[in-house]
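**Student:** Since the structure of chain A is provided, determine the placement of chain B with the ligands on it from the hints.
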Amino acid sequence: MAMDHLDQLEAESIYILREAYKKLGKLGMLWSIGKDSTVLLWLAKKAFYGHVPFPFIHVDTKHKIPEMIAYRDRVAKELGLDLIVHTNWEAIHAGIGPDKGRLACCKALKTEALRQVVKQHGFDGLIVGVRRDEEGSRSKERVFSERTQDDGWDYTNQPPELWNQFKTDFPKGNHIRVHPILAWSELDIWEYIRRENIPIIDLYFAKNGKRYRSLGCACCTGQIESEADTLDKIIEELKHTKTGERAGRKQDQEDAYAMQKLRKEGYM
Amino acid sequence: MDEKLKQEGLHIVVVGHVDHGKSTVIGRLLYDTDSLPQGAVDKVKRIVRETGKPFEYAYLLDAFEEEQKQGITIDTTQIQFVTKKREYVIIDAPGHKEFLKNMISGAANANAALLLVDAKQGVQEQSKRHGYMLSLLGIEKVYVVVNKMDLVDYSEEVFHKVAEDMKAFLEPLGVKPLRYLPVSGYQGDNIAAKSANMPWYDGPVLLDSLDLLEASKEILDKDLRLPIQDVFKFDDRRIIAGRIEAGKLAVGDEIAIYPSGRRTVIQSIAYWQERDKKERALAGESTGIIVRDEFFNQRGEIITTPGAKAPHVSNRLRASIFWMGRNPLRKGSTYKLKLATQEVEAEVADIVKTIDAANLDSREGAKELRLNDVAEVILSLKEAIAFDVFQEHQATGRFVLVDGYDVAGGGIVIAAEKADEGAGFAFVNGGIRARGDVFDEFYYDIESYNVTKVAAAVKKPYQVGDEIPRRGISYEYPADFDILILRDQVAVSVRQGRIESILPLADYEYSGRPLINGRGFGIKVYKAKELKEMLSVYRELASSHVEPRVKAAFANRYFFLNQYRHLQFYFDYVI
Ligand SMILES: Nc1nc2c(ncn2[C@@H]2O[C@H](COP(=O)(O)OP(=O)(O)OP(=O)(O)O)[C@@H](O)[C@H]2O)c(=O)[nH]1
Ligand SMILES: [Mg+2]
Numbered sequence: 002m003a004m005d006h007l008d009q010l011e012a013e014s015i016y017i018l019r020e021a022y023k024k025l026g027k028l029g030m031l032w033s034i035g036k037d038s039t040v041l042l043w044l045a046k047k048a049f050y051g052h053v054p055f056p057f058i059h060v061d062t063k064h065k066i067p068e069m070i071a072y073r074d075r076v077a078k079e080l081g082l083d084l085i086v087h088t089n090w091e092a093i094h095a096g097i098g099p100d101k102g103r104l105a106c107c108k109a110l111k112t113e114a115l116r117q118v119v120k121q122h123g124f125d126g127l128i129v130g131v132r133r134d135e136e137g138s139r140s141k142e143r144v145f146s147e148r149t150q151d152d153g154w155d156y157t158n159q160p161p162e163l164w165n166q167f168k169t170d171f172p173k174g175n176h177i178r179v180h181p182i183l184a185w186s187e188l189d190i191w192e193y194i195r196r197e198n199i200p201i202i203d204l205y206f207a208k209n210g211k212r213y214r215s216l217g218c219a220c221c222t223g224q225i226e227s228e229a230d231t232l233d234k235i236i237e238e239l240k241h242t243k244t245g246e247r248a249g250r251k252q253d254q255e256d257a258y259a260m261q262k263l264r265k266e267g268y269m
Numbered sequence: 030m031d032e033k034l035k036q037e038g039l040h041i042v043v044v045g046h047v048d049h050g051k052s053t054v055i056g057r058l059l060y061d062t063d064s065l066p067q068g069a070v071d072k073v074k075r076i077v078r079e080t081g082k083p084f085e086y087a088y089l090l091d092a093f094e095e096e097q098k099q100g101i102t103i104d105t106t107q108i109q110f111v112t113k114k115r116e117y118v119i120i121d122a123p124g125h126k127e128f129l130k131n132m133i134s135g136a137a138n139a140n141a142a143l144l145l146v147d148a149k150q151g152v153q154e155q156s157k158r159h160g161y162m163l164s165l166l167g168i169e170k171v172y173v174v175v176n177k178m179d180l181v182d183y184s185e186e187v188f189h190k191v192a193e194d195m196k197a198f199l200e201p202l203g204v205k206p207l208r209y210l211p212v213s214g215y216q217g218d219n220i221a222a223k224s225a226n227m228p229w230y231d232g233p234v235l236l237d238s239l240d241l242l243e244a245s246k247e248i249l250d251k252d253l254r255l256p257i258q259d260v261f262k263f264d265d266r267r268i269i270a271g272r273i274e275a276g277k278l279a280v281g282d283e284i285a286i287y288p289s290g291r292r293t294v295i296q297s298i299a300y301w302q303e304r305d306k307k308e309r310a311l312a313g314e315s316t317g318i319i320v321r322d323e324f325f326n327q328r329g330e331i332i333t334t335p336g337a338k339a340p341h342v343s344n345r346l347r348a349s350i351f352w353m354g355r356n357p358l359r360k361g362s363t364y365k366l367k368l369a370t371q372e373v374e375a376e377v378a379d380i381v382k383t384i385d386a387a388n389l390d391s392r393e394g395a396k397e398l399r400l401n402d403v404a405e406v407i408l409s410l411k412e413a414i415a416f417d418v419f420q421e422h423q424a425t426g427r428f429v430l431v432d433g434y435d436v437a438g439g440g441i442v443i444a445a446e447k448a449d450e451g452a453g454f455a456f457v458n459g460g461i462r463a464r465g466d467v468f469d470e471f472y473y474d475i476e477s478y479n480v481t482k483v484a485a486a487v488k489k490p491y492q493v494g495d496e497i498p499r500r501g502i503s504y505e506y507p508a509d510f511d512i513l514i515l516r517d518q519v520a521v522s523v524r525q526g527r528i529e530s531i532l533p534l535a536d537y538e539y540s541g542r543p544l545i546n547g548r549g550f551g552i553k554v555y556k557a558k559e560l561k562e563m564l565s566v567y568r569e570l571a572s573s574h575v576e577p578r579v580k581a582a583f584a585n586r587y588f589f590l591n592q593y594r595h596l597q598f599y600f601d602y603v604i
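Residue numbers (my numbering), protein chains in the order written: chain A, 2 to 269; chain B, 30 to 604.
Okay, chain A solo, but in the shape it has when bound (with noise of 0.2 Å):
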């Protein structure tokens, strides 16, 4: 009867979502399609009983693997939820993408993206589905985490954050970062999926000896070798590797430091 780990780490994260709801003016939820912002749905469905309060919000780059595109809209339709898609037009006619460098890429098409969905829609905040374990900048990182007008993050001076009281005061034009499943590892995440029966986009079950681990744009987003074509494979095979999530993710391997300079100016 009592609770297990992921009955933990569940509650905690429905805590924060209503905090979230409750406490924050505008919200809207980051929706990237992965296994990680369909958690995060999840989560938000369990939390408001069905209901999901607010809008959804996915930077499209353009440069995604269509089959996410695809699903994207299907689960949309589906679920009924009110999904804002945001493109950063103006940088993809002046021609950017991977080709002009990576950071670069990932900069104008996400940082700056996201930061003109914020402006336009006046988020006060966001909640997004990093985790503790994917890198580490994401690992010092705040529940309710501020980011300034720019979407600064000033993350050698964050304020203290104890007993569940997240920061809710905050001037205007500033916007808070919600991160409901910071302490979630990648193996709760499938341990989860696994539970509660989620739907999950087939981009993570094998085919043909290879499987993406982490999803993102087409170009930058490796496959890794696996045979785990079933959740219980996929579990069985993150127990043990010894590789990282990321690893197949191009922009976190350009400079040691890389993404901690990526979010300190806004990335997610």
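Below, a list of computed lysine to any residue pairs in the SDA-like style, where the Cα atoms sit at most 25 Å apart: (1) A:K27 x B:P577; (2) A:K243 x B:I76; (3) B:K82 x B:E95; (4) B:K360 x B:I475; (5) B:K251 x B:N140; (6) A:K240 x B:D71; (7) B:K360 x B:L596; (8) B:K251 x A:A3; (9) A:K265 x B:G68; (10) B:K396 x B:S362; (11) A:K234 x A:S215; (12) B:K246 x A:D5; (13) B:K114 x A:R195; (14) B:K396 x B:S503.
The following residues of chain A were derived to be distant from chain B, with all beta-carbon distances above 12 Å: (15) S38; (16) D74; (17) L82; (18) V86; (19) T88; (20) E91; (21) I97; (22) A105; (23) Q117; (24) D151; (25) D203; (26) E228; (27) D233; (28) G267.
Bear in mind the hints are in silico, worked out from the structure with no lab data behind them.
Where is the CB? At the ideal position from N, CA and C, for every residue including glycine.
**Tutor:** Only chain B with the ligands this time, still in chain A's reference frame:
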């Protein structure tokens, strides 16, 4: 591993003086137990190769470039870790005094702690301060880990000396370490495997010692505490949502809701997925209940069971607090207090004594607290709230204080003080009571760039016939005007500077005189019809879940920020 045999998870924080090896010990523990993805280790190897340094286990935790360049932990992090027995979350905390707020952010999540001390340097200032914080945060399960034993030739005498020193400091605080361990994080002695360098130590190594800690289950046996987080009405169900902080509940249970003490019965527990359908819910769960009687419930109220010891209800409390703000906490100033899901304005009525956490010296008569100070204070709240004494119920017996935009202080309730009748009310007329900040002063603080409010010096509520202070430092009201205190639905009429009447708002008739609201802001209403309109919009806003921006739009539409109020710069006022 068999999932069912696993014990409940534990959150363990590692604390201690700067550079005593906290991050290194955690890094080594993860490394030796093969708990890290290869990518993480490779990344550290690459960084040390590029900078020509020896391998640093601490870099596995200290991910920021600034942390690695300076060889210091700036912010806290958490990492999952599994043994044969159970799951852990290990929390790394910074040791530098400047980052005490981050240490507290990490330690506040823990149910056990490793207090690390460098064998060569011995007990230092932050070893003590952190030890003190553990006692304040209510973390009772503590191991003292004497690290860097390699630097003292693995000497048994040195180990005992350091252990004794630490014990001597902790014991008066009521912290009784369960174990003392000699280790070397850097060399890996007694981390995951027994060290041949210390044959004199016959206790368990660090890894095995963790499994010897026992998670406490008593939270389930306590009386129910369910603070209301929100009330949902997405469909025809009215769901009271919140997380159970202690005890348990079941369908059919009678419940009492504080501060009012009203009673009702749990009709059902809400769910979305069939697998979540249940008749009972336990401490730790984020739940939603549907109750029999639909009276007005709101965020902040605490649900318990009748017959159980009820939470205290008062507008005064005695607390131990720690201050993490850049600006000092001042006696007489007001802060926002957040306790469980309640928020209330709190005035620092008295600073009883301040304690130097590094040597336990205490001092009386202080007028302010500075960064990292610890003190016993009396807080006077604008209105009565429900709370517990920390010793009895941790989650509903602790709070934070918000100064401007940031959480700047934390505290635990030592005792409820006798409620101050009438205190917290600006106006009283028999049973009619109203709050109001009409005579409080508003300042723009030139250090923090925030607007702060300082409670008016007069503590007694005003009654019919009393003369009111028409002019303050930051406000000036006309001789004749009416005050409409919307949240308490009370109207106060002032004529020739004296209170002529205090009435329920429902009985009030528009007089044509200037109107101000409970905070001293002019109301942009000049006709009876406009007033009616405003009151009906207000009622709608007050009775449902609305975004702060909607409330702000209402305020901008109906109130003047600076008709009677004139914000003053704040530099140094005499308390
Ligand atoms: N010789 C020796 N050096 C150690 C040992 N443990 C840590 N160190 C070194 O001590 C220095 C500080 O270690 P850290 O792990 O960064 O210390 P810390 O306590 O985490 O420091 P802060 O987080 O900044 O408070 C590093 O250079 C470590 O390599 C040890 O057991 N023996
Ligand atoms: Mg450290």
